[in-house]
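Colleague: Letter by letter, the chains look like this.
2 protein chains.
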Amino acid sequence: MTAVKVAILGFGTVGEGIFNILKEKRKQLKETLGVDIEVAKILVHNVSKEREGVDASLLTNRFEDILALPQLDVVFEAIVGEEPAYGYLDAAIEKGAHVITANKVMFAKFGQALQEKAKKYGVQVGFEATTAGGVPVIKTMETILRVNDVLHIQGILNGTSNYILTQMRTEGISFETALKNAQDLGYAEADPYNDISGQDAFKKLMILSALAFGKQPNWEDVKVVGISEITLEQVQQADANGQRYRHIAEVSIDENGKIHAEIGPQLVDAAHPLYAIDGVDNAVALDTNYIGKITLVGPGAGMYPTASVMVEDYASMLSKQSVVVPV
Amino acid sequence: MTAVKVAILGFGTVGEGIFNILKEKRKQLKETLGVDIEVAKILVHNVSKEREGVDASLLTNRFEDILALPQLDVVFEAIVGEEPAYGYLDAAIEKGAHVITANKVMFAKFGQALQEKAKKYGVQVGFEATTAGGVPVIKTMETILRVNDVLHIQGILNGTSNYILTQMRTEGISFETALKNAQDLGYAEADPYNDISGQDAFKKLMILSALAFGKQPNWEDVKVVGISEITLEQVQQADANGQRYRHIAEVSIDENGKIHAEIGPQLVDAAHPLYAIDGVDNAVALDTNYIGKITLVGPGAGMYPTASVMVEDYASMLSKQSVVVPV
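Protein chains in written order, with full-length UniProt numbering: chain V, 1 to 327; chain A, 1 to 327.
Hints in this document: simulated from the structure, not taken from any laboratory.
Hints should not be assumed to be uniformly reliable.
Pairs count within a copy or across copies, as identical chains cannot be separated in the list.
Unchecked claim - When the alpha-carbon atoms are kept at most 27 Å apart in a straight line, the in silico BS3-like pairs for lysine-lysine are as follows:
#, residue 1, residue 2
1, K120, K320
2, K119, K320
3, K258, K25
4, K258, K30
5, K27, K258
6, K215, K27
7, K27, K293
8, K293, K180
9, K139, K30
10, K25, K293
11, K320, K95
12, K139, K215
13, K117, K30
14, K180, K23
15, K23, K223
16, K23, K139
17, K120, K27
18, K120, K95
19, K139, K293
20, K49, K5
21, K27, K119
22, K49, K180
23, K215, K25
24, K223, K293
25, K139, K109
26, K215, K117
27, K320, K139
Could you build the full structure based on these sequences and the hints that come with them?
Modeller: This is the structure in structure tokens:
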């Protein structure tokens with residue numbers, strides 16, 4: 001039985017979800033993977049705040065305590081923003097730890113650097129949770145891309161925007177009222193700029209572009225439009241015509257290897273794979289050369305959807321290690 | 001550079017697709033996996049029939065020629081029916097070869113035996129192509145199940161039935177006319193019994209049950225109903241009510257660990273994840289404990305969708321072997 005220690009950076013919604021799942025599934029993961037996974041440290045701002053079910057000795061506000069852990073096998077990162085997240089993960093890789101992140105802002109910018117560094121240090125980087133929450137688009141694309149070429153990606157990558165557009169249509173309310181409802185329900189932040197401006201979807205699309213095409217477009221060449229200009233009248237007129245507004249992030253590659261990316265509202269009809277995606281769900285439609293079009297749909301955010309795909313990232317890493325196949 | 005030899009059993013639509021993809025992607029797979037994959041033998045009934053692009057020396061009608069291949073690393077099986085398919089794969093595993101199958105009839109019955117045997121012989125079994133064609137439901141479930149419990153599965157698993165139900169609704173034609181159209185377009189066999197009776201969906205559902213719950217229900221306890229009793233009037237009445245008939249295969253597990261499975265037409269409304277799935281597409285909606293509901297949609301059959309997920313199975317096996325991570 002291998003015993004490993006894991007650290008969690010951040011104890012917001014996602015960090016707490018990771019902690020709970022690792023606790024609930026510890027016995028099962030021991031049986032299926034032959035590895036005993038112990039959460040050894042959690043990085044938080046405020047170590048004196050009491051957190052239910054969490055032994056206070058696990059908490060630290062010093063990242064050095066994380067790096068000093070013996071047998072540190074993986075760092076789960078569930079904080080926000082580029083720094084200090086990138087610096088933390090970079091340092092963890094140097095210590096020989098796998099890293100798993102939900103941080104799309106950091107990863108859209110530093111994902112390649114992290115992965116190159118991880119390769120050099122013989123560890124892995126998990127980033128399923130950066131894009132489309134619980135929808136397993138990263139692992140699906142990794143598998144598909146071993147044989148298929150992905151040619152074109154269209155996604156609903158921001159659940160808040162999709163919730164607002166859905167509410168405007170089904171409840172006949174204005175953008176402002178729908179946004180207020182989303183905030184009341186905790187779907188939108190107090191400052192909803194990143195969600196409704198398209199910037200959140202933009203970061204996720206850049207991650208998908210890097211995975212599908214091996215590169216991102218120049219960020220400044222990408223037209224990014226949010227949903228705040230869409231009026232109730234437009235939504236109702238579209239509905240009367242059998243169409244719906246969807247906030248779609250799309251990227252494709254042309255014959256010359258040039259990447260084209262665009263983010264903004266689109267009118268789609270019932271035959272479009274994203275027409276039926278309502279509420280806070282995310283969805284990604286992939287055009288591939290052999291399979292054709294496949295579409296993945298699921299929750300775009302939330303404590304357990306996001307946390308569980310991060311733990312799956314780790315379980316996949318452990319499972320690859322444990323496979324012993326004589327070639 | 002490792003060099004491996006592969007064999008293909010059957011050279012119908014799927015067998016030919018595998019052959020073409022392995023030829024087209026040989027260089028790329030060499031670069032990405034470090035393995036040179038050579039198709040060394042193809043098992044066919046008629047070795048004297050000319051097949052474009054295929055060197056006649058590759059063809060054999062004797063399975064012993066396959067087993068005698070030096071460096072045989074994998075056998076792709078694209079024939080139909082329980083036997084001789086099972087016997088062939090069983091023998092290939094004994095020779096130390098991985099096996100990859102698209103044969104749901106064989107796999108629903110002998111999948112467990114094959115996997116147990118493969119474990120004993122240190123090889124792997126790929127079966128993504130047995131269920132829902134190009135939709136990556138098997139690998140997605142394998143990943144999800146490392147952490148999530150799958151509680152309930154609903155699928156449109158037979159593209160022919162879905163095409164017929166869609167045509168009845170959108171074209172206002174009878175079951176008989178829609179079936180005739182499906183046959184003219186090559187979607188339905190000359191003998192469409194397996195498709196329209198639900199038997200094809202039944203086999204695929206049994207494979208999903210085994211994967212999700214570790215067991216299948218007793219086959220005789222499963223109610224299997226096809227679509228032939230649905231009238232145009234029923235379809236039109238449903239449409240007027242905002243509902244659609246879908247042929248749904250579903251399976252769940254109760255608190256006592258008992259499996260409940262059922263296959264037949266269901267009326268669903270617009271909020272149902274399978275409502276929007278039209279034409280020959282397949283779709284699978286999975287209810288899980290942490291992620292919630294995720295839905296996968298894509299082509300349920302066809303030369304390249306099916307063949308490419310089989311080659312992906314093999315690429316995944318090779319990629320696991322080539323990962324070297326110091327634990």
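Colleague: State for each hint whether it applies.
Modeller: Checked hints:
Taking the shortest Cα distances, K120 and K320 sit within 27 Å of each other both inside one copy (18 Å) and across copies (18 Å). In this assembly of identical chains, the alpha carbons of K119 and K320 lie at most 27 Å apart whether taken from the same copy (15 Å) or from different copies (16 Å). Taking the shortest alpha-carbon separations for K258 and K25, only the inter-copy value of 22 Å comes in at or below 27 Å, while the best intra-copy value is 44 Å. With identical chains, the CA atoms of K258 and K30 are at most 27 Å apart between copies only, with a shortest distance of 25 Å across copies and 46 Å within one.
Taking the shortest alpha-carbon separations for K27 and K258, only the inter-copy value of 23 Å comes in at or below 27 Å, while the best intra-copy value is 48 Å. Taking the closest pair of Cα atoms, K215 and K27 come within 27 Å of each other only across two copies (21 Å); inside a single copy the shortest separation is 40 Å, beyond that limit. Proximity of K27 and K293 under a CA criterion of 27 Å is satisfied inter-copy only: 25 Å between copies versus 39 Å inside one chain copy. In this homomeric assembly, K293 and K180 come within 27 Å of each other (Cα to Cα) only across copies, at 26 Å, whereas the closest approach inside a single copy is 36 Å.
When the C-alpha separation of K139 and K30 is checked against a cutoff of 27 Å, the pair qualifies both within a copy, at 23 Å, and between copies, at 21 Å. Proximity of K25 to K293 under the C-alpha cut-off of 27 Å is restricted to the inter-copy arrangement: shortest distance 20 Å between copies versus 35 Å within a copy. Taking the closest pair of Cα atoms, K320 and K95 come within 27 Å of each other both inside a single copy (21 Å) and across two copies (24 Å). Taking the closest pair of Cα atoms, K139 and K215 come within 27 Å of each other both inside a single copy (18 Å) and across two copies (26 Å).
Proximity of K117 to K30 under the C-alpha cut-off of 27 Å is restricted to the inter-copy arrangement: shortest distance 24 Å between copies versus 29 Å within a copy. Neither within a single protomer nor between protomers do K180 and K23 lie at most 27 Å apart by alpha-carbon distance, with minima of 36 Å and 56 Å respectively. Taking the shortest Cα distances, K23 and K223 never come within 27 Å of each other, neither inside one copy (43 Å) nor across copies (39 Å). Taking CA atoms no more than 27 Å apart as the test, K23 paired with K139 passes in both settings, with 24 Å inside one copy and 25 Å between copies.
Taking CA atoms no more than 27 Å apart as the test, K120 paired with K27 passes between copies only; the shortest distance there is 25 Å, against 32 Å inside one copy. For the homomeric pair K120 and K95, the shortest alpha-carbon distance inside one copy (12 Å) is at most 27 Å, but the shortest distance between copies (37 Å) is not. When the C-alpha separation of K139 and K293 is checked against a cutoff of 27 Å, the pair qualifies both within a copy, at 16 Å, and between copies, at 17 Å. Taking identical chains as interchangeable, the C-alpha atoms of K49 and K5 lie at most 27 Å apart only when both belong to the same chain, with a minimum of 23 Å there against 61 Å between chains.
Taking the shortest alpha-carbon separations for K27 and K119, only the inter-copy value of 23 Å comes in at or below 27 Å, while the best intra-copy value is 30 Å. Neither within a single protomer nor between protomers do K49 and K180 lie at most 27 Å apart by alpha-carbon distance, with minima of 30 Å and 69 Å respectively. Taking identical chains as interchangeable, the C-alpha atoms of K215 and K25 lie at most 27 Å apart only when they sit on different chains, with a minimum of 21 Å there against 36 Å within one chain. In this assembly of identical chains, the alpha carbons of K223 and K293 lie at most 27 Å apart only when taken from the same copy (25 Å versus 32 Å across copies).
For the identical chains of this complex, K139 and K109 are intra-copy neighbours only, at 20 Å inside a copy versus 29 Å across copies, given an alpha-carbon limit of 27 Å. When the C-alpha separation of K215 and K117 is checked against a cutoff of 27 Å, the pair qualifies only within one copy, where the shortest distance is 17 Å, while the shortest distance between copies is 42 Å. With identical chains, the CA atoms of K320 and K139 are at most 27 Å apart both within one copy (14 Å) and between copies (14 Å).
The structure fails hints 14, 15 and 22 (numbered hints given earlier, in ascending order).
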